[in-house]
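Visitor: Take a look at the letters that make up each chain.
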Amino acid sequence: ETGVTQTPRHLVMGMTNKKSLKCEQHLGHNAMYWYKQSAKKPLELMFVYSLEERVENNSVPSRFSPECPNSSHLFLHLHTLQPEDSALYLCASSQDLGVFTDTQYFGPGTRLTVL
Amino acid sequence: RKEVEQDPGPFNVPEGATVAFNCTYSNSASQSFFWYRQDCRKEPKLLMSVYSSGNEDGRFTAQLNRASQYISLLIRDSKLSDSATYLCVVITGTASKLTFGTGTRLQVTL
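First to last, the sequence lines map onto chains A and B. To convert, note that position 110 of the first sequence is 110 in the numbering used here; the numbers rise steadily by one, no gaps. To convert, note that position 25 of the second sequence is 25 in the numbering used here; the numbers rise steadily by one, no gaps.
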């Protein structure tokens, strides 16, 4: 196991629902990331947090709202999603943000289906 | 032009074969390069970093060609367990500017 856990592993929600994805890393890392992986498309970086501060928001719609209460936990709050938001949402962590040789460790992902 | 381009494959090779993948990147300022492996319905995992001097780990060799802006991955003596999607990853600027390719799918058969 990589030391990064995500819950739930699968989620089906309607467009009017509100749900949250949770990520926890047990590696003592300082940086955490949310990615979206859709079929036939490369992983898309959504948000980056370093020491609980958001440092990157890659033009993600406001219906996705991240939260990082501490360096071990990262949430992605979802509301009024669209069917095209159905994808695998991956969380990752790395030791630090500034060291560009740092390896990123991924969680198993949450497979989200929006009906 | 895409920032990171890979041939999606699939590459179907018999066990024991040698197979090579290339990945091209568009930004000459990119400074870090990695190969990740992703098994079906699993998360990506780091396979190896890529250096200008080359990097070898057992049956796997990664190479960087800055002049032509591509990285390569060579797998010798392919095993069935090598079947996966291989993702090329490029970092430009800070570690937050990490760009993935779409991946190259490898299927090793008996």
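Derived from the structure by calculation, the hints contain no laboratory data. There may be inaccurate statements among the hints.
As the list claims (entries may be wrong) - Simulated pairs of lysine to aspartate or glutamate, EDC-like, Cα-Cα distance not exceeding 20 Å:
id	chain 1	residue 1	chain 2	residue 2
1	A	18	A	56
2	B	97	A	44
3	A	41	B	77
4	A	40	B	7
5	B	97	A	53
6	A	36	A	67
7	A	22	A	52
8	B	2	A	44
9	B	97	A	84
What the hints assert, rightly or not - Footprint (simulated), chain A over chain B, 3 or more residues, beta carbon under 8 Å:
id	segment
10	44-50
11	68-76
All C-beta atoms, glycine included, are put in the ideal place defined by N, C-alpha and C.
Visitor: Run the distance test for residue 97/B versus residue 84/A: straight-line Cα separation, threshold 20 Å.
Guide: Answer violated: residue 97/B to residue 84/A is near 24 Å, above 20 Å.
Visitor: Keeping to a limit of 20 Å between CA atoms, is the pair of residue 97/B and residue 53/A held or broken?
Guide: OK: residue 97/B and residue 53/A at ~16 Å, within 20 Å.
Visitor: Does residue 2/B pair with residue 44/A here, judged by a C-alpha cut-off of 20 Å?
Guide: holds, 13 Å
Visitor: Take a quick look at whether residue 97/B and residue 44/A sit within 20 Å of each other, Cα to Cα.
Guide: holds, 11 Å
Visitor: CA of residue 40/A to CA of residue 7/B, is that 20 Å or under?
Guide: Cα-Cα ~12 Å, so holds.
Visitor: Are residue 36/A and residue 67/A close enough, with their CA atoms no more than 20 Å apart?
Guide: Cα-Cα ~16 Å, so holds.
Visitor: Has the given pair, residue 41/A with residue 77/B, been kept, meaning a C-alpha gap of at most 20 Å?
Guide: violated, 29 Å
Visitor: Taken at face value, is the distance from the CA of residue 52/A to the CA of residue 22/A at most 20 Å?
Guide: Given pair residue 22/A, residue 52/A holds - Cα atoms ~15 Å apart, limit 20 Å.
Visitor: For the segment 68-76 of chain B, does the count of residues with a C-beta closer than 8 Å to a C-beta of chain A reach 3?
Guide: Violated - the segment 68-76 of chain B has 0 residues with a Cβ nearer than 8 Å to chain A, which falls short of three.
Visitor: Residue 18/A and residue 56/A were given as a pair; does the straight-line alpha-carbon distance stay at or below 20 Å?
Guide: Violated, at roughly 23 Å.
Visitor: Are there three or more residues in the segment 44-50 of chain B whose C-beta lies within less than 8 Å of some C-beta in chain A?
Guide: holds (count 4)
Checked against the numbered hints above, the structure violates hints 1, 3, 9, 11; every other hint is satisfied.
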